[in-house]
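**Q** Residue numbers (my numbering), protein chains in the order written: chain A, 269 to 408; chain B, 4 to 231.
It should be emphasised that the hints constitute simulated quantities derived from the structure, not laboratory data. Treat the hints with caution; some may be incorrect.
To be verified - In the DSSO-like style, the derived pairs of lysine-lysine whose C-alpha atoms are separated by at most 27 angstroms in a straight line are:
id	chain 1	residue 1	chain 2	residue 2
1	B	Lys157	B	Lys111
2	A	Lys327	B	Lys198
3	A	Lys297	A	Lys367
4	B	Lys198	B	Lys144
5	A	Lys388	B	Lys129
6	A	Lys276	A	Lys390
7	B	Lys157	B	Lys144
8	B	Lys194	A	Lys367
9	B	Lys144	B	Lys194
10	A	Lys390	A	Lys289
11	A	Lys367	B	Lys144
12	B	Lys145	B	Lys157
13	B	Lys18	A	Lys276
14	A	Lys367	A	Lys276
15	B	Lys18	A	Lys390
16	A	Lys367	A	Lys289
17	B	Lys198	B	Lys18
18	A	Lys327	A	Lys367
19	B	Lys129	B	Lys198
20	A	Lys304	A	Lys388
21	A	Lys390	B	Lys129
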Amino acid sequence: MDDAMRLKVEQCSRTAEDFTKLYYSSVDKRRHQLGKLYLDNGLLVWNGCGVTNRDAIQKYILDLPASEHNLQVLDAQPVVDDAVSGQLTFLISAAGTVKFQDNPMRPFQQNFIITAQGDKWKIASDCYRLQDSLSTVKSD
Amino acid sequence: IGFDVAEQTTLPPAKASFLCDAAGADVVRQFIEQYFIIYDSANRQPLLDAYHEQAMLSLSVASNSYQGARLNNYFDWSRNILRMAGDKSRHIRYGRLPVVSFLSELPKTQHDPQSFSVDLTLFTPKLINFVVTGVFRELSKKEQYGNGNPDSPKIMRSFQRVFMIVPMANGGFCIRNEMLFISNPTQAQSKMAFKPRPAEPIQPAPAVPQVAPAVPNVVTSPVVDEST
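Excised from the complex, chain B in its bound form (with noise of 0.2 angstroms):
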């Protein structure tokens, strides 16, 4: 007779999407949407119309390379809190011209919309928060100025990007807060990229609707738990 200590050693199976409440849904699909179309186009000047006047953006990545293309294209902005020395808001883009220019230096991309995950984390009146996971390309010189190698090797980057966007007076939404994060795709993301795959639109995860009104007190009023 044995004991019974057997440990699970299987992960749960990944889901494309969460939404923490359903109404967040076109908001979140519509933003995504129309923030990479711009970020992917030849020019990114646009985006200023997507970020907040104190808009606050960072960029970190990976510090050691799994495999594929070294990052020395974004190591120069890359903040990193675990290897950082003194002034801690080095390497923050603090305002909507400074985060735009910064992003317009990054290499030209091309984003795999199928490889995206999209967690909504907080969906409240005044503050929505989600995460974007996937890939992308960077474009080669030949794509981007027209002359450079035509056979140059396609670089594939994984990315996460974090927003905390807020509704504005004419009822679009700006973005508040903004992590970018990359690093270089896994074996499983490389061969998955651009390649089709069976749809799984964003969808509520009907478990758990009572999520919406729960978190938004947290925010705004954390105080009230104390008095009880």
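Chain A on its own, in the form it takes in the complex (with noise of 0.2 angstroms):
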């Protein structure tokens, strides 16, 4: 790895650092704020279910029970295709155990594709799975 993607990845991993302490924090006791954090046209993949737009997907976020996360383990990493050419972009994976409202403590996983625009960082993509959602049995 040559000194200039050093500078790359410390750079991400330093923002990622950052965005999910930001995150995080606001997700749990500020999620009235949390919509700004996404791009306009952003997207939410919540346990399968697609929501678009930074209005829709902040509305989605406010409805749900009310949220306790414990990050335990970041990475992240740059994309540097051409792809991307001359936009930053990152790769954040995130991962921790979450209470949610009366529900039982469980292992989470989360992955964002975060952008800058202008001087600040946007979600472009937020993809989150609690690490069991699909063998939780169907109780109906």
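Please assemble the complex out of the two chains, which come individually in their own frames, going by the hints.
**A** Have a look at this one:
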């Protein structure tokens, strides 16, 4: 890995740390502000349910039961392909445990594609999965 | 008379897959099929063809085990930014050869395709991003090397892989970025692992067909918004 790439990785790692700190405190405590973190035409995929556009995402998350996330693992990489040349784009992978009101604590994994818009980082896509989302026996 | 302050406490039901663009279904399905056939085989070297010359791969491991077998086989290679001092590029495999030799060192596996959930979050002519979540089991020493205790316990793992793939000149695709996450399964996952379940084929979510054209603009020409 050359120095230029090392720098990118360094910046990407720092951004991932700052970003997730802000994201999880927002989603747990200040949900009404969360929409601002997304691009206008951003995408949220919540356990396989797709929601597009900032306002719809904000509403979807507001309607979820109150949450307490505990972030434990964080990984991130810069995307350096020609396809995004000139456009800073980072992949972020986060994992930990979450407790939604009245639900048992469960492991979750979440992936973001964030991209620089002006001097602000915005979420282009956000993919959230409770680790065993598909293994829970349906109660109907 | 009370106040209407009751909050929602149930979670929306989960779906097995989301496709931001129906056109991506075949590409993703084929890619996943081919990738895991090789990954689960005795020899992972053929994966060289699946990675870009400057591919990047990192592995991260859940920091605490919920239950089940220790994750010792993976911890030494785990990249967790929250616990990293110094050089942040440590534990990133960069380049086709380092990536595949690293993958070859990881325990041999058998994945359970029925456990997979697949989320396609970006589908453009130049860049495709999708996330695969599911379970695999580690092969026993007997299965790997032909010796060892045949009754050794079957170790189950939960995993998530994020793939960023790009088209190649020959019409195929190769991996530009990959992040692999490994943890122990929850009880619910262990219970359902490798058991048949009702088929829920990968199909587009009809409610949001407009996603695909929107996102590519974001990634390729983000400055447009500013000028308007």
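**Q** Look at each hint and say if it fits the structure.
**A** Hint check results:
1. B:Lys157 <-> B:Lys111: At roughly 12 angstroms apart (the allowed maximum being 27 angstroms), B:Lys111 and B:Lys157 satisfy the hint.
2. A:Lys327 <-> B:Lys198: Violated: A:Lys327 and B:Lys198 sit about 37 angstroms apart, past 27 angstroms.
3. A:Lys297 <-> A:Lys367: Holds, at roughly 13 angstroms.
4. B:Lys198 <-> B:Lys144: 23 angstroms, holds
5. A:Lys388 <-> B:Lys129: 24 angstroms, holds
6. A:Lys276 <-> A:Lys390: 18 angstroms, holds
7. B:Lys157 <-> B:Lys144: OK: B:Lys157 and B:Lys144 at ~10 angstroms, within 27 angstroms.
8. B:Lys194 <-> A:Lys367: 21 angstroms, holds
9. B:Lys144 <-> B:Lys194: 23 angstroms, holds
10. A:Lys390 <-> A:Lys289: The given pair, whose Cα atoms are some 14 angstroms apart, holds under the 27 angstroms limit.
11. A:Lys367 <-> B:Lys144: Given that 27 angstroms is the threshold and the Cα spacing comes to 38 angstroms, the pair is violated.
12. B:Lys145 <-> B:Lys157: Distance ~11 angstroms between B:Lys145 and B:Lys157 Cα, so the pair holds.
13. B:Lys18 <-> A:Lys276: 35 angstroms, violated
14. A:Lys367 <-> A:Lys276: Violated, at about 34 angstroms.
15. B:Lys18 <-> A:Lys390: 26 angstroms, holds
16. A:Lys367 <-> A:Lys289: 17 angstroms, holds
17. B:Lys198 <-> B:Lys18: 18 angstroms, holds
18. A:Lys327 <-> A:Lys367: 20 angstroms, holds
19. B:Lys129 <-> B:Lys198: Violated - the C-alpha atoms of B:Lys198 and B:Lys129 are around 37 angstroms apart, more than 27 angstroms.
20. A:Lys304 <-> A:Lys388: Distance ~10 angstroms between A:Lys304 and A:Lys388 Cα, so the pair holds.
21. A:Lys390 <-> B:Lys129: With Cα atoms ~21 angstroms apart, A:Lys390 and B:Lys129 stay inside 27 angstroms; holds.
When the structure is compared with the earlier hints, violations turn up for hints 2, 11, 13, 14 and 19 and for no others.
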